[in-house]
Amino acid sequence: MDDLLARSAEELFARHASSKVVRAIRAGASPAGLSSELENAGFLDALLPEAVGGIGLGPADVLPVLMAAGRFAVPLPIGDTMIARAVLVAAGEAVPEGVITLGEPLEAMARVPASQHADWVLLPRDDAALLLPMAAATRDEEASSTLGSLLRWPSEAARRVPAGDLLSAGAWAEVAGMAGAMERILEDTVRHAQDRRQFGRPIAAFQAVQQQISVLTEDVFAVRMAAQLASVPDGDGIAALNATRIAAAKVRAGEAAVRIAGIAHAVHGAMGITEEVDLHLLTERLQLGRARFGGEGHWSTWLGQRFLRGETDEALAFVRTHLGPATPETDPGAASSSSNATSSSGREPTVARRL
Amino acid sequence: MIGALPLATIPPEDEALRPEIRAFLRETVGAIPPERRARSWMGFDPGFSQKLAERGWLGLTFPKEYGGTGRGPFARYVLVEELLAAGAPVSAHWIADRQSGPLILRFGTEEQRRFYLPRICRAEAFFCIGMSEPNTGSDLASVTTRAVREGDGWRLNGSKIWTTNAQHSHYMIALVRTSGTPQDRHKGLSQVIVDLRAPGVQVNPIRDLAGDAHFSEVVFQDVLLPGGALVGEEGSGWMQVNAELAFERSGPERVLSSAVLLDEWARWLRGAGAMEAAETLLGRLVAHLAVLRAMSIAVTGRLVEGGSPVVEAALVKDLGTEFEQAVPTMVANALAKPGVVAPGPLMRTLAYTAAMAPSFSLRGGTREILRGMIARGMGLR
Numbered sequence: 001m002d003d004l005l006a007r008s009a010e011e012l013f014a015r016h017a018s019s020k021v022v023r024a025i026r027a028g029a030s031p032a033g034l035s036s037e038l039e040n041a042g043f044l045d046a047l048l049p050e051a052v053g054g055i056g057l058g059p060a061d062v063l064p065v066l067m068a069a070g071r072f073a074v075p076l077p078i079g080d081t082m083i084a085r086a087v088l089v090a091a092g093e094a095v096p097e098g099v100i101t102l103g104e105p106l107e108a109m110a111r112v113p114a115s116q117h118a119d120w121v122l123l124p125r126d127d128a129a130l131l132l133p134m135a136a137a138t139r140d141e142e143a144s145s146t147l148g149s150l151l152r153w154p155s156e157a158a159r160r161v162p163a164g165d166l167l168s169a170g171a172w173a174e175v176a177g178m179a180g181a182m183e184r185i186l187e188d189t190v191r192h193a194q195d196r197r198q199f200g201r202p203i204a205a206f207q208a209v210q211q212q213i214s215v216l217t218e219d220v221f222a223v224r225m226a227a228q229l230a231s232v233p234d235g236d237g238i239a240a241l242n243a244t245r246i247a248a249a250k251v252r253a254g255e256a257a258v259r260i261a262g263i264a265h266a267v268h269g270a271m272g273i274t275e276e277v278d279l280h281l282l283t284e285r286l287q288l289g290r291a292r293f294g295g296e297g298h299w300s301t302w303l304g305q306r307f308l309r310g311e312t313d314e315a316l317a318f319v320r321t322h323l324g325p326a327t328p329e330t331d332p333g334a335a336s337s338s339s340n341a342t343s344s345s346g347r348e349p350t351v352a353r354r355l
Numbered sequence: 001m002i003g004a005l006p007l008a009t010i011p012p013e014d015e016a017l018r019p020e021i022r023a024f025l026r027e028t029v030g031a032i033p034p035e036r037r038a039r040s041w042m043g044f045d046p047g048f049s050q051k052l053a054e055r056g057w058l059g060l061t062f063p064k065e066y067g068g069t070g071r072g073p074f075a076r077y078v079l080v081e082e083l084l085a086a087g088a089p090v091s092a093h094w095i096a097d098r099q100s101g102p103l104i105l106r107f108g109t110e111e112q113r114r115f116y117l118p119r120i121c122r123a124e125a126f127f128c129i130g131m132s133e134p135n136t137g138s139d140l141a142s143v144t145t146r147a148v149r150e151g152d153g154w155r156l157n158g159s160k161i162w163t164t165n166a167q168h169s170h171y172m173i174a175l176v177r178t179s180g181t182p183q184d185r186h187k188g189l190s191q192v193i194v195d196l197r198a199p200g201v202q203v204n205p206i207r208d209l210a211g212d213a214h215f216s217e218v219v220f221q222d223v224l225l226p227g228g229a230l231v232g233e234e235g236s237g238w239m240q241v242n243a244e245l246a247f248e249r250s251g252p253e254r255v256l257s258s259a260v261l262l263d264e265w266a267r268w269l270r271g272a273g274a275m276e277a278a279e280t281l282l283g284r285l286v287a288h289l290a291v292l293r294a295m296s297i298a299v300t301g302r303l304v305e306g307g308s309p310v311v312e313a314a315l316v317k318d319l320g321t322e323f324e325q326a327v328p329t330m331v332a333n334a335l336a337k338p339g340v341v342a343p344g345p346l347m348r349t350l351a352y353t354a355a356m357a358p359s360f361s362l363r364g365g366t367r368e369i370l371r372g373m374i375a376r377g378m379g380l381r
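So the sequences go chain by chain: A and B. Using this note's numbering, you'd call the opening residue of the first sequence number 1 and step up by one each time. Using this note's numbering, you'd call the opening residue of the second sequence number 1 and step up by one each time.
Hints were generated in silico from the structure; no laboratory data involved. We put the beta carbon where it would ideally sit given N, CA and C, even for glycine. Fair warning: there could be bad hints in the mix.
Claimed, not checked - Far from chain A, by Cβ distances over 12 Å, these chain B residues were calculated:
{"#": "1", "residue": "Ile32"}
{"#": "2", "residue": "Val148"}
{"#": "3", "residue": "Gln167"}
{"#": "4", "residue": "Pro182"}
{"#": "5", "residue": "Gln221"}
{"#": "6", "residue": "Gly273"}
{"#": "7", "residue": "Ala287"}
{"#": "8", "residue": "Arg381"}
Unchecked claim - Stretch-level coverage of chain B by chain A, calculated; a stretch enters the list once three of its residues show a Cβ under 8 Å from a Cβ in chain A:
{"#": "9", "region": "185-193"}
{"#": "10", "region": "251-265"}
{"#": "11", "region": "293-303"}
{"#": "12", "region": "309-323"}
{"#": "13", "region": "360-372"}
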């Protein structure tokens, strides 16, 4: 199932999200062709129950699709749309046509990616979310950058949709996209090192280059594992995603993003910072993912506090209980440590429960 | 390119071992001060090994017919991660249980299995491994210690160095040259079991920078080995050594060497009240630990399926030791605040761990060797 889904996603992107198309959409061309292909393939409804026309998949199932989108630096919020549609359907709301980005709430504003197209913004406000049309938004040019557009609406009057922890859910989707972009960066970097010749031999023949690419490889493996870990749900569907696992994954991915981009650019040399090479599309994807929904600093603090206020003194016990590759229910050794801490109820902060 | 690692989980029947192990450790290890427990798998205590043996926790993966418990790699994973996280003194039996026993089981004769394995399981046979020599470090194929055929057996001359626990062990499995010259590289190497009480064996302990003598120089002068000393095929030593190293590169011991320090620091933060910078650092370390553990479990999953994830294991070891070294480096920085007085046991644990940390990425294959293997796996060499 995983393989089949990953293959069909890759084929779709290879055909309809070539770097030429990606660059055109980033420059303002209509993404209608690509989004209708995605819509027809059913990917945007992947997390919806089959009863309402979805595919009924869980987060771990759609991970390969989000990674494939990352590999192609697809400038559409595919993960966000999957999440937003699941939230809307769960609330009994109609799903609007088009792609939906998750907004990061600021005072009277929303931050959304500047390099991705979207038709709607689902914006968390207090314990609910508002669905706002992109067409009605004004971009605050002074406050915006390529890292994010700051949007305002004349009025945020919209129906309040009950939503869970959209920021954690968004962070999960970003980690998935980053893991995919990192895989592609590794492949491109290895190929470049083999093709590019200096001093009469491929630069891949130099130990200094080999060792750097080995470090890059290690980080790619670690982030892929982090993305898999973050996709382990504590129950059914997107609402059961576990914020603790997502926090760890976002920290690891954010850290790796810096090191990976640094090594990939170093190996590519000056060519890597030209427009002709795709590397910058992918490293920008990493920058975006790192910044959205909390960077590694934010999530490290959150995770450190959760550990210190939790029920166990031991790092390994905390990891086993809250950050293991299986759901906590299957871990009989979890509740064995004695402690005087009282703050944790022992319940997992899932995306549904945290807000 | 190296294949992706799918997520793996520890089976419930192996997880079920954990509460008993934890209860045992609370009783036996809980009162040992942290600066002793920080020695992790370098802490030597034959009495403790004996207690594990009584519970059937030595040779956990060996077949029952050889005195083992017949459990799988995941059962051992659970046992080992709890032992290491607690800082249990596992050094006496560590190498026999982890490397020598499995090697004898895999490549040894039936006679060797029947002799050594039950003794390992009873904590009566401790092993050390003779690989490095005074002029042979990362370039392992350049060993010059030589075993020459004599009658049914062998005459051994040469020396090994940096041999962990040689002064406490009963046996050494040594990588030696049985034919050819060092120029023949991987060809002509064999593994032999040396009884360290044999005439002609001299063990000279070497004190380390923390004042312990965990490793030694071992000199062989006309040591006579019986024919049954050879492990596996004559001339297959290189292949056997690599198989042995590969399986031991991704275990919890490549992630948890600084676990006692991390826990001591977190415990102190909990009581003393943490500043945000400390919380951030702690969270970062926990995130790394979580991902490393998932990777280590995934490699174990590959082993259980009968795979040979040699490069993946190298990758986990390099990342794991980077983490193990980051813990003392960063905790030292966090504690180096004017006016902050941390408890003595925490500071002594830090001092020990920080001093030994450079060895974490040397033992079992240096960082550069591992990265060379990964580069080869990626098709770069």
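request  = Identify every previously stated hint that the structure contradicts and give their numbers, smallest first.
outcome  = Numbers 6, 7, 8, 9, in rising order.
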